[in-house]
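Student: What follows is the residue order along each chain.
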Amino acid sequence: MIRVELPYHLRKLAKLGKVVELNVHDPVTQHTVIDAIESKYPMLTGTIRDHTTQQLRPFLRIYACSEDLSLNSPDIPLPEKVRSGKEPLLIIGAIAGG
Amino acid sequence: MSSVRVLVGTHKGAFILNSDGKRKNWKVDGPFFAGWDIYHVKGSPVDPDRIYASQTSDWFGQIIQRSDDGGKTWNIPGGEKLPNPYEPPAGQSNKFAYDTSTATGKPLTTHQWYDGTQHPWEFKRVWHLEPSFTDSNTVYAGVEDAALFKTVNGGKSWNELAGLRGHRSGSQWAPGAGGMGLHTILLNQKKMDRMYVAISAAGVFRSDDGGKNWKPVNRGLVSKHMPNPEAEVGHCVHHIALHQSRPDILFMQKHWDVMRSDNAGDSWEEVSGNLPTDFGFAIEVHAHEPETIYVIPIKSDSEHFPMEGKLRVYRSKTGGNEWEALTKGLPQENCYVNVLRDAMAVDSLDSCGIYFGTTGGQVYVSPDSGDNWSAIVRDLPAVYSVEVQTLK
Numbered sequence: 001m002i003r004v005e006l007p008y009h010l011r012k013l014a015k016l017g018k019v020v021e022l023n024v025h026d027p028v029t030q031h032t033v034i035d036a037i038e039s040k041y042p043m044l045t046g047t048i049r050d051h052t053t054q055q056l057r058p059f060l061r062i063y064a065c066s067e068d069l070s071l072n073s074p075d076i077p078l079p080e081k082v083r084s085g086k087e088p089l090l091i092i093g094a095i096a097g098g
Numbered sequence: 099m100s101s102v103r104v105l106v107g108t109h110k111g112a113f114i115l116n117s118d119g120k121r122k123n124w125k126v127d128g129p130f131f132a133g134w135d136i137y138h139v140k141g142s143p144v145d146p147d148r149i150y151a152s153q154t155s156d157w158f159g160q161i162i163q164r165s166d167d168g169g170k171t172w173n174i175p176g177g178e179k180l181p182n183p184y185e186p187p188a189g190q191s192n193k194f195a196y197d198t199s200t201a202t203g204k205p206l207t208t209h210q211w212y213d214g215t216q217h218p219w220e221f222k223r224v225w226h227l228e229p230s231f232t233d234s235n236t237v238y239a240g241v242e243d244a245a246l247f248k249t250v251n252g253g254k255s256w257n258e259l260a261g262l263r264g265h266r267s268g269s270q271w272a273p274g275a276g277g278m279g280l281h282t283i284l285l286n287q288k289k290m291d292r293m294y295v296a297i298s299a300a301g302v303f304r305s306d307d308g309g310k311n312w313k314p315v316n317r318g319l320v321s322k323h324m325p326n327p328e329a330e331v332g333h334c335v336h337h338i339a340l341h342q343s344r345p346d347i348l349f350m351q352k353h354w355d356v357m358r359s360d361n362a363g364d365s366w367e368e369v370s371g372n373l374p375t376d377f378g379f380a381i382e383v384h385a386h387e388p389e390t391i392y393v394i395p396i397k398s399d400s401e402h403f404p405m406e407g408k409l410r411v412y413r414s415k416t417g418g419n420e421w422e423a424l425t426k427g428l429p430q431e432n433c434y435v436n437v438l439r440d441a442m443a444v445d446s447l448d449s450c451g452i453y454f455g456t457t458g459g460q461v462y463v464s465p466d467s468g469d470n471w472s473a474i475v476r477d478l479p480a481v482y483s484v485e486v487q488t489l490k
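Line by line, the protein sequences give chains A and B. Residue numbers for the first sequence follow my numbering, beginning at 1 and rising by one. Residue numbers for the second sequence follow my numbering, beginning at 99 and rising by one.
Chain A with its partners taken away, still in its complex shape (with noise of 0.2 Å):
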């Protein structure tokens, strides 16, 4: 079970809490991770990559494991920690502001 931590309107949006948990088939990648929330939760289609270019969004970022991987192909193997569900995703919105 991969668990995976939502930043707060999307969880608001989506009338979750903090870390969902998700059954992602291998290869477990941010790309099959992203399907999974999408596939169960429909509302958050879009808002976490782009509709038409499947392009993460510009102030979103992906942590795992005290890594940044938000610039890595969104199709290599995530760490085995998360793979294993020892350690969440984490799916972040920029701070932004002054």
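Treat the hints as calculated values from the structure; they're not laboratory data. Only true hints are included.
Pairs of lysine-lysine residues, derived as DSSO-like cross-links and limited to a Cα-Cα distance of at most 30 Å, are as follows: (1) K490/B x K170/B; (2) K40/A x K170/B; (3) K40/A x K248/B; (4) K125/B x K12/A; (5) K12/A x K193/B; (6) K288/B x K415/B; (7) K222/B x K18/A; (8) K170/B x K15/A.
Given the structure of chain A, go ahead and fit chain B onto it with the hints provided.
Tutor: Below, chain B alone, put in the same frame as chain A:
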């Protein structure tokens, strides 16, 4: 007894203000969608309890919300239940994809960018939602980068009316300071196939076939900042309005200049008259007097606040040119707010109510056509839009 419901979109959420027909005592509900930019909230003329909202964010993109109970509860259309085979896939309500198909679409061309170079069309957000006069499931959406979309299933999915974006003049359209938004959509109860839209900074376009084909209708507009001040397109039209009894007569607040057209936009004449400044954003028509119009003059495009710190609505009972200042109940010193293009509306009670919201978070009402004003609420986030529903 009649009542009114005021739908307010702000920088940090939506609010719903309710009152009886006296419009003295108000109940304020919200914020809905707290923390999000709510560009526009508008109810269906067919079913007033059906309300649509454009919720948007630089972080998470576009969301469409819908209420079927007058704003008490909200849902993302097609967002939760798996669709049946006859419905569009779930999660499509916020998909605004330009139609480039050979069958119904137009090629994704470029428009003029701030520096004069060409720039590809990129969807950013929905600025305006205009529900149909005949079907509560049909809504038009004006978006940035400028294009017109339509849903016929209550917002579950949207298709572009690509004839507008695909107009031959598209390469000359340019963004205004706030982006290249299609911000005004005017439908008409009498001439169902006739539609008008306004785009910053392209101008006004008219369709006479329900949105398939469009023509620019900007003759008579003069914009001194343009290389050709009288060009067919490129004008920064801020808002247009009409009275439903006279669909061929239009009123416009342009970047500078207040204008009117008596021939469905084929030509325009200036009616700024004795206004202290003819810069502004909002313009509206009285519900029962088609020649009575309202504007809120703003000092200039460099200083987006009322002149002399005095918040004044101007009313013309002659369709323009002759204007009177309406000040009773409005702040007449130290007021430096703005009133945005979609932030003024009228109700249709016998004594017509006029409403507007400010970037300072006030929403004002006049229950007597502008003679007297009071603040319904004073400390909302910056107001983007105000719409009014008159409920029987």
